[in-house]
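Enquirer: As a plain string of letters, each chain reads:
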Amino acid sequence: MKTPQQFYEEHVARIKKAYALEEIDRPPILFNTDVFSAKYMGIKLSEFVNNVELANDMVLKAALELGNGEIDATPTGAVYPPSREMFVKMKLPGRDLPDDELWQVDEKEVMTVEDYDIIIDKGFNHFTAEYSKRKNINPGILEHMNEMRPTLGQISRKYEDAGIAVFSPVISENLFEYFCTTRSMAQFLRDLHRIPDKVQAAMDVAIVDIEQKVREQIRAKKPLTAFIGGSRAALVSKKLYERFDLPYRKRIANAIVEEGSLVHFHLDCNWDAKLESLLEMPKNKCAAAFDGTTNIFKAKEVLGDHMCIIGDVPATLLSLGTEDEVYNYCTKLVKEVGPRGYIMSAGCGAPPNAKVENMKAMIAAVTGK
Amino acid sequence: MSEEIVKALVELEEDTVVEKVAELYANGTSPLEILAMLQKGMEEVGHRFETNEYFLSELIMSGDIFKAAADKLGDAFDSEDIKKIGTVVIGTVKDDVHDIGKDITATILSCNGFKVVDIGVDAPAQKFIEAIKEHNPQVIGMSCLLTSCFDSMKDTIEAIEKEGLREGRKILIGGGPVNEQTVKYVKADGFCLSAQEAVDTCKKLIN
Numbered sequence: 001m002k003t004p005q006q007f008y009e010e011h012v013a014r015i016k017k018a019y020a021l022e023e024i025d026r027p028p029i030l031f032n033t034d035v036f037s038a039k040y041m042g043i044k045l046s047e048f049v050n051n052v053e054l055a056n057d058m059v060l061k062a063a064l065e066l067g068n069g070e071i072d073a074t075p076t077g078a079v080y081p082p083s084r085e086m087f088v089k090m091k092l093p094g095r096d097l098p099d100d101e102l103w104q105v106d107e108k109e110v111m112t113v114e115d116y117d118i119i120i121d122k123g124f125n126h127f128t129a130e131y132s133k134r135k136n137i138n139p140g141i142l143e144h145m146n147e148m149r150p151t152l153g154q155i156s157r158k159y160e161d162a163g164i165a166v167f168s169p170v171i172s173e174n175l176f177e178y179f180c181t182t183r184s185m186a187q188f189l190r191d192l193h194r195i196p197d198k199v200q201a202a203m204d205v206a207i208v209d210i211e212q213k214v215r216e217q218i219r220a221k222k223p224l225t226a227f228i229g230g231s232r233a234a235l236v237s238k239k240l241y242e243r244f245d246l247p248y249r250k251r252i253a254n255a256i257v258e259e260g261s262l263v264h265f266h267l268d269c270n271w272d273a274k275l276e277s278l279l280e281m282p283k284n285k286c287a288a289a290f291d292g293t294t295n296i297f298k299a300k301e302v303l304g305d306h307m308c309i310i311g312d313v314p315a316t317l318l319s320l321g322t323e324d325e326v327y328n329y330c331t332k333l334v335k336e337v338g339p340r341g342y343i344m345s346a347g348c349g350a351p352p353n354a355k356v357e358n359m360k361a362m363i364a365a366v367t368g369k
Numbered sequence: 001m002s003e004e005i006v007k008a009l010v011e012l013e014e015d016t017v018v019e020k021v022a023e024l025y026a027n028g029t030s031p032l033e034i035l036a037m038l039q040k041g042m043e044e045v046g047h048r049f050e051t052n053e054y055f056l057s058e059l060i061m062s063g064d065i066f067k068a069a070a071d072k073l074g075d076a077f078d079s080e081d082i083k084k085i086g087t088v089v090i091g092t093v094k095d096d097v098h099d100i101g102k103d104i105t106a107t108i109l110s111c112n113g114f115k116v117v118d119i120g121v122d123a124p125a126q127k128f129i130e131a132i133k134e135h136n137p138q139v140i141g142m143s144c145l146l147t148s149c150f151d152s153m154k155d156t157i158e159a160i161e162k163e164g165l166r167e168g169r170k171i172l173i174g175g176g177p178v179n180e181q182t183v184k185y186v187k188a189d190g191f192c193l194s195a196q197e198a199v200d201t202c203k204k205l206i207n
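Residue numbers (this note's numbering), protein chains in the order written: chain X, 1 to 369; chain E, 1 to 207.
Chain E on its own, in the form it takes in the complex (with noise of 0.2 angstroms):
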């Protein structure tokens, strides 16, 4: 049954995974098996990604199907007793509204096994600074889709820096124009282009 569960993830097919999921619930199988399962198959997920396979509909399904089946599981996606590799704040920066890939990353991340704490957009460095203190991620993700907010990127990372809050943290950037460049502008520890790499990232660091 796990490797069907798995596959059917792996190949989209939503029905089939959301109601065998509820079959095995139902049937007493821990929540934490069945979640081992579906992590499994957002692995393979994340490999046909990077083949080139899959692309960003099928990342986006797989996060949605991943959701479907563990809102089967009732509270227990969410519960202590499920250890998360790490936490995550996520936000885009100040005067930017863009949340189209921040959402996919944010759903991708905590598919994988992430506790992800999404900010918003037009997120001030304030903003930031609380989620970290609430929540003391080992990463902080921030996206940007105008150049023109570098400056509000760069501004983000000092006031964080400022409070002390970046010492054992990783600060990690993405939206379109975001590369190597913008990095050393903005003094971020990385970019990533994709969702996927954003998980692929996380868990280098983390681990």
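The following block holds chain X by itself, in its conformation from the complex (with noise of 0.2 angstroms):
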């Protein structure tokens, strides 16, 4: 009987073999399930918001009672939801939402146009530092986040105790991301148009800051991954993509390597169009994760023998699927996107209605048992 130990050495060696599109015997298993991990055990989604402990334990249980042993990593270890409230309105269950409905953002324009101008003149540190504050969007939340910290440091532990990988503790600000939060979608998307100079002089003076920070965050925490998000460059044309995300996304992943770690880039949305630009991140030191939009098979055509893959078990399908449906579903993607370069994931994350039986056949098609 393997210790904990060995089964969390076994489940980062296989991660690696899985980055560097080696040969493997299974693909790992990414268990990207905070919400149905928490329905399954019985939580309910306020107490992700008022009793953070036990709700990631019971998140933790679920991973080792359904993958007896085999889940090898769990995305980013501890789950707080209201951090996101250091720069965006949320509505949160047992405050805003009955205590069983799934937190969601409430993305409406609180950054100005001007808030560009304080970026470009005084950096994105000053600027994020001083805008939750300004803005009053949860007062208390930066004090919060920095009582949290041990607590949340403590949660990432008991999994890798348990045996279980954290698979990006570490996440790096896309500015993409960021100003379609910060600005809603909308606004943003036609600052594109409006005023391109200002959006990339603004985007040339964060970047600094957002690249030392995620350098000094690994060499403190030395994280298997670190993750970048930015899904919704999906949604703009490739001559906006090319200008407003790509180099600062390929500059981030060039950091995050140089720092010696792996990058994880999560890709919601249909990527199918801007596969081919993923080519220019570093060589076997990426994976993405797609959430059932893009054409995963399409995805390993184009980059498969540059990036690992990762995903992409689409919410429906877990949701309002039969188990047959999910086990051959993952079965075609373990044999046609793996089993070399590829992570088997929920696409994003398991919804918290996924069915039970789906989430166990999910795992089965991997582990074969």
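Bear in mind the hints are in silico, worked out from the structure with no lab data behind them. Ideal placement from N, C-alpha and C gives every residue a C-beta, glycine not left out. Treat the hints with care, since some could be wrong.
One side of the interface only, derived from the structure: several residues of chain X facing chain E at Cβ under 10 angstroms [stated by the list, open to error]:
| hint | residue |
| --- | --- |
| 1 | Val35 |
| 2 | Leu192 |
| 3 | Gly292 |
| 4 | Ala354 |
Counterexamples of contact, computed for chain X against chain E with all Cβ distances above 12 angstroms [what the hints assert, rightly or not]:
| hint | residue |
| --- | --- |
| 5 | Ser46 |
| 6 | Lys122 |
| 7 | Gln212 |
| 8 | Lys298 |
| 9 | Thr316 |
| 10 | Thr331 |
Hints are included, so try docking the two chains, each in its own frame, into the full complex.
Expert: Shown next, in the form of structure tokens:
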């Protein structure tokens, strides 16, 4: 019987092989199931806001119970939804929504056009530090986050002590996503047409601080991978993407690799038209995680010799599909997208109403058990 | 001049469109004629979207330009004299507060000649029912970004049927996780992946 430490080392090694596109015994399983696990263990979603330690402990228990030692990694370790209120208003269960409703971003225009000038003149770190206070999105959130840090750190260690790797404990800001969230997506997309030079000037300044922060975090935490979001860059034309996302994305990806970590691109929405651009990212050091909207089989054709692919069991299949449908789709993923250079996961994250038998079928398709 | 306005809208030259529309209106060109030019421009924008030259930001910009230009025509755009292709009631279902996709779809439908009644987010079945009774739409659009709200969508459609309001109407659904499987589960008539697809589908259904 393996010890948790042995499981942990085996899981990390398997993930590294997947990234390096090496031959492998089976694809790793990334268990991106916080809200599903909470429901499975009988915890209300409001517990993630009100009883963070309990809620996260239950997520870990679910991974151990459902996975039987076969879950290789969890995405970020501790989950704490209110943290986003540093820069965007949320609707939270137990506070704004009924206890068992999923938290939602209340994306309204909060950042103004003038705020781009503050970033240009004073830098991104200065802007983000005073922005939360100035906009008063959630008074006390900065203080509360500082109080939560030791607890969140301990939660992440519990996963590792149980033999499960924490996949991306470092999360890099993605400027495209940041401005979509703070300006509202519609306003930011208008900015790209109406004031492109100002937006680019702000991005050119902001990326310096963002790169520095991700380097410092990697040096401190030595993560397996670092997460880069920015899914909504998929929604703009090639011309806008190549000006307002790709160069900054590349810069952060290169920084992550230079600091000795691997890159986890979280790519919700349809990236079919932009897959070739990912060939500009460091070879054998990155993984692209899709949510079921991109054609993952096409992604394998384009990217298969360059980077690992993660995904993409769709939320709808997990919630509405039958066990056989899920098993068959996941088997197809293992055969055609994997086994080499592939990591199994739900697309984006398993929904709260995913059927338990479907989650088991997803795991069984990989392990054969 | 009309070709200039169409071209400027297609190329998203906001100031040019607004200036030239104001000029034409001031010189006595009928609002109907001007709206026809703008809608021709929107059709070409839609074509560029379908061929992956234009994406969401261009749809949003074209909608903005259309609205800014239509505002120069006073009440003409909303007047009873302007024949609409049809009426669409649109809303995000109960327990879901996402509105971005719905809002963009409502705008693009409106710019393409539909009367749009937007009932907002977190809309219970009763709100859909009241809007259907008041506005008599040919199409009902439901937006949902959470799989956990599929049951809400299903219940809303059932409630509409129970009220006897489904006959002669089509129910379309949209939102990130929505697909053919969702259509079957909630018993809708179809789904749309984009605002432009909503326009094309509504035109086909109504014609």
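Enquirer: Which hints, by number, does the structure contradict?
Expert: 9
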